[in-house]
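There are 2 protein chains.
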Amino acid sequence: MEAATIAATYPVSPFFGSPHSRPHVRGFRYLGLSIPLSRFFSASMRYRDHGRQVATRSSGDRITAQPSSELRRKNTGGIGGSEDEKLRSLRALFSRPGIGSTPTSFPLRTRTSEFIAECFMRRTYLTGFDGSAGTAVVTKDKAALWTDGRYFLQAEKQLGRDWILMRSGNIGVPTTTEWLNEVLPSGCKIGVDPFLFSYDTAEEMKAAVSKNNHELVFIYDCNLVDEIWGESRPKPPFKPIRVHDIKYAGVDVSSKLSTLRSELIEASCTAIVISMLDEVAWLLNLRGSDVPHSPVFYSYLVVSYTSATLFVDANKVTEEVLVHLSKAGVQLRPYEAILSEIESLSDQGAKLLLDPSTVNAAIVDLFNSASNRHLHRSENKVKGNIGRGTHLESTTQKDAPVQVNGHNTLFKISPISLSKALKNEAEIKGMRNAHLRDAAALAEFWAWLEDGVHKNMNLTEAEVAQKLLEFRRKQFGFIGTSFETISGYGANAAIIHYRSNPESCSIVGDKNLFLLDSGGQYVDGTTDITRTVHFGDPTARQKECFTRVLQGHIALDQAIFPERTPGFVLDVLARSSLWKIGLDYRHGTGHGVGAALNVHEGPQSISFRYGNMIALQMGMIVSNEPGYYEDHSFGIRIENLLHVKEEMVPNNFGGIRYLGFERLTFVPIQSKLVDCSLLSFAEIKWYNEYHSEVWEKWKELLKNGSGKILGLSPSHSNKCPHQAIISSVIVCKKKKIHNVFFFFFLFLFIIFYIGKPIFVMVLKKLFFF
Amino acid sequence: MEAATIAATYPVSPFFGSPHSRPHVRGFRYLGLSIPLSRFFSASMRYRDHGRQVATRSSGDRITAQPSSELRRKNTGGIGGSEDEKLRSLRALFSRPGIGSTPTSFPLRTRTSEFIAECFMRRTYLTGFDGSAGTAVVTKDKAALWTDGRYFLQAEKQLGRDWILMRSGNIGVPTTTEWLNEVLPSGCKIGVDPFLFSYDTAEEMKAAVSKNNHELVFIYDCNLVDEIWGESRPKPPFKPIRVHDIKYAGVDVSSKLSTLRSELIEASCTAIVISMLDEVAWLLNLRGSDVPHSPVFYSYLVVSYTSATLFVDANKVTEEVLVHLSKAGVQLRPYEAILSEIESLSDQGAKLLLDPSTVNAAIVDLFNSASNRHLHRSENKVKGNIGRGTHLESTTQKDAPVQVNGHNTLFKISPISLSKALKNEAEIKGMRNAHLRDAAALAEFWAWLEDGVHKNMNLTEAEVAQKLLEFRRKQFGFIGTSFETISGYGANAAIIHYRSNPESCSIVGDKNLFLLDSGGQYVDGTTDITRTVHFGDPTARQKECFTRVLQGHIALDQAIFPERTPGFVLDVLARSSLWKIGLDYRHGTGHGVGAALNVHEGPQSISFRYGNMIALQMGMIVSNEPGYYEDHSFGIRIENLLHVKEEMVPNNFGGIRYLGFERLTFVPIQSKLVDCSLLSFAEIKWYNEYHSEVWEKWKELLKNGSGKILGLSPSHSNKCPHQAIISSVIVCKKKKIHNVFFFFFLFLFIIFYIGKPIFVMVLKKLFFF
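Residue numbers (the UniProt record's numbering), protein chains in the order written: chain H, 1 to 769; chain R, 1 to 769.
Read the hints as simulated data drawn from the structure, not as lab findings.
Honestly, I wouldn't trust all of these hints.
You can't tell identical chains apart in this list, so a pair holds if it fits in one copy or across any two.
Below, a list of computed lysine-lysine pairs in the BS3-like style, where the Cα atoms sit at most 25 Å apart [to be verified]:
#, residue 1, residue 2
1, 645, 580
2, 327, 239
3, 511, 543
4, 580, 685
Please build the complete structure, drawing on both the sequences and the hints.
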């Protein structure tokens, strides 16, 4: 209501001072619109998403693996207690000239990539809470943190007393913007860092806070958290970029750029600004090491009809990269020059293609502002606006100059997203090879672990994960993990987001199920695999649940479907065997996987959220990971990666292709956990054939002694470890055959020693001899 | 562009003169938005939809069962030939004072119910084309008819030379509005009958034609087609309404009204105008006979907090109905009084709940106009506007008085739609009983037909359908067919929309498949069943296709799924067995069915169009009708009706119910067509158990001699006809067993006469004796 309120700050690092601190927005477009994304991810994704923007946006997950705590809500600060030191420093900065005065507030978010560098973990620094999903909002007298059901207990432990914990997804808990509308008097200004919010999200927030006449203000010139963080803030990453070999990339940069330019022409745009790190890496056949788990590097890329410019810190660019880029006509400019480039694009009258779910609000705002100035050709207004806090609201004021929002931008899903998802032959080959080496590492690992468990070596979940890393490191081309390994024993595995804490985690024993979800980044591919095993005697309940998860896994694996089928259509195949007994799992069944790139990518998905209409297409990689989680008891997940390929079916109704899957992952699925009586013949056939294939693939890879895995101990290393699995399955179906033989011999016995004369008579009568 | 153009007329009957001629808009809301609906329906629906509005709206179906004809496009009239007499008369009326002058045009549609009375078949009268889907548009010098791929050949034959045939769905063929924008000079007025278009559709058309500055004009005072039809126009239906017994309805009218009123209060509305005929019939526990196949009667119903008024022709109201209605406090008014009621509601300041997909545009327009006049309290403007052609555009003119559109109406899916879909116990019981009697009729019918075919009686498809009707007529409570029977032999059945012409249709023989899709209206329920049989020797191809359709049918039948699952999620279960060999079908898998009401109802559906998010809920009835159609060869469909019920599963993950289906239809599925080698044990079990159940249900119903059906000829009438079916299945699985016995006897033979000494030695060694 009052115009007296002035912009508060969203804590960003000073832009021109620390170029590396401009993180990129990372939205998962393939997860569809208006879907509570944190409930939408596959289980493995949930564990791994480090402060992904989308995971914090919505109501989140109500997983109740841990009892809903009744812990008292911590007192808000300022009353009768000493204020949190960091909050005090932060609030002191609120009243700095040019920043704002009371009442002020700002939402404080983590970086918006799936994985982020330590220097961007501002929310963790400020609040102490280091869960992968969370949003902090600070006003003059209140500080609140939103997180979802996965992290209630952890946040309760980690947050200081000045912080209010907002349990997202619980009934009656407001969203950040609802809360701001509640606690702030009407007419405030709410500062955000426009580099940390996608354009879509910023627009949503703007609309939401306008209900109480608040104004969303973009703060360009500083990040208050970084300021209070000061010297102790970790340095930004500066590792060199490397060239992704053409033999793995398959298509050279010039061809990719040329395809992109055709798409620009088709969309009547003159240029595209790419801020998705994996899109830049894919398009330029480059890889980096700026963030954990993903081989990407901080950068922007601008491609127009005639030019392509990479905005990146020059320190990271090696001579090889330089040559590689210049061959494709890609120019280099400093990371921070993206801002002047945006202005220059506007001066040239460019029409930009922007993906609103991934491009950050700053880019759009700057481009629109510049275009407006350009439009009015009033040169005296060109300078001085940037870095002073541009008010979003101004663009809609009636007395403002004519705004060109929307006329010089085309908001559209990035065309690179789909191109990147459709792997070429070289990428598929790389993925196949990487998966075989990964399987070899897992074979050694499982043999080692089984030994360790049986020898009571008291290995913890974290030690086990560490050892797996060692086995993977021995493989050619291994670079690192593709996400944080989920190593969960017993009840821990029932917590879908479980991350083992090295100091307090469980010991992997033989009394319960052990779930291991892990993946590797290799020079030629990216892997993601989950296996669940039992080193002792599984209960009937565990076997039934495991078998039904396996049936879902097989049903999806074996699916054949017409072109243009969206992934969600197949989701039910993975669930229906669980549904039959009233069970289900609260995560999606499949996500896209990059080729030597991000372990999670779009645009495709296989999920029970039905918003994503993107069809599964030839060349896509998807995970197949149904699961089941029994609170406080155990967790099950079976995950392979699949490659979408054409199926040679005898008919082609509708004159279209029919598609199916090629398996990339070849690691046995423990037979001990399979209740054979539940499987159909077709399922048993799948199970046995899969393991035959595993053995075929392993023959050349396995060395002596490593054949002993997954609870199977063949006496000779050259004996197929899966044969034991198979025979145990066959036994299930052979029982009746044994019975036949038993009765046959009994029969003979009777004939020879008791009833021979009678029998001969019967035979004589039957055969008339 | 020119303001000189004046409103043309949409041919409606004079409103106050012929009350019956006001048809109701009938949209299938459950089919979702922006979906080409004619492709969306299940096969059976396609055949049956008589001029349903939605089926003509969009691009339609490109079924190529008949070769895409290259017939010359008929010349447009007026040039060098004598003009079609009806068109000439019609165009003469265009220039009548108060109607319009050149250039003029009007879209001409059929009635917008699924089934319509003959007096409303104006499109058929004018164009000669009597297909179930079509839209005619007439301008001063052009006349065009749109229909979809199902009717190209038929329309070519039936249309006069003055008509242009528009093949909807073919590439390059414009929509009606695109065409009007093309052929008319900018700025024309296009007349429509607002009683024949839903509000949604009218708004769409309005927006579409405004692109060329055309104006959509609502014509209230006459229907030009009816005028030229004159004396020869059939009389409107006037059959009496009957009370739907409470023992079948389950809930009395007062309770239903009271529930509806609660919903009105919840929606902050004061009244609802119901124009869907089946909603009126359901709400008032009344049934009528105004249209073929559906037991409904032309009427409107207005329900407010305190009153309920039925607008219906008094001739149809018997003393019994009068008493029934007055008991529930429902008043009666003449059908045409709905218009003055709308004005009076506006005077009272009512806020109306309207379903925009079903309420006709006239109601909305009249209410808004009246509300506007009311708002301005300028009494001198109240009268005289109605009946003169209200211009839709005027409501958006800036200098017009303040418009209250949207403030006094709430557009929302009708709450009655869902209430009606959730059957109560009495309705379910009625459905069960009606299905049993229907099954008895079918048993007699199939026995009769098989005899007839084997005796070479040369029965035509139409005769067969007629005979089926006779068998049904013998059953208690039979009222009529629930849709036009689809009786297709051989290649005819491959045309999904096939309707047999009594004069030219095929003879049902034993050389190909025969598909029969039919249903009955009974006093206690509505049935819909499809069976496909072969009276001779089916080919391996036919058996494979039939078996895969059966597998899909079984998979859907056996599905168990959590609450809140939309129907489309289950669609893939019915298709995946066909997909495995590259086959599919181009219609949905399931539609809702009314209880002694319309055979097609919403809001639920099971379809490969993924727009309908309505969950399958306890008490709903859906059809399960996968199929396969091989062009120019044969057609297969297997259809049962299912009742959605709670499943007693051992777990309830998520604390919710798990749902499944109860079968309502009990008629054998021909075993001769089943390729047993393709079926799993579970599928065989389903097949046999279904037929055991069929026999259990039939025992009391079948009389001597009628046990001989579906190609099975048991020698005694008390022998279960399905036992032969079952044994033929079991034989499939017994083959291996026979082999075992064969080898066993061979073995014995060798032992006794050739190798006895050796064998004894071996045995001695084995058993150490």
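Unmet hints by their number, sorted upward, for this structure: none
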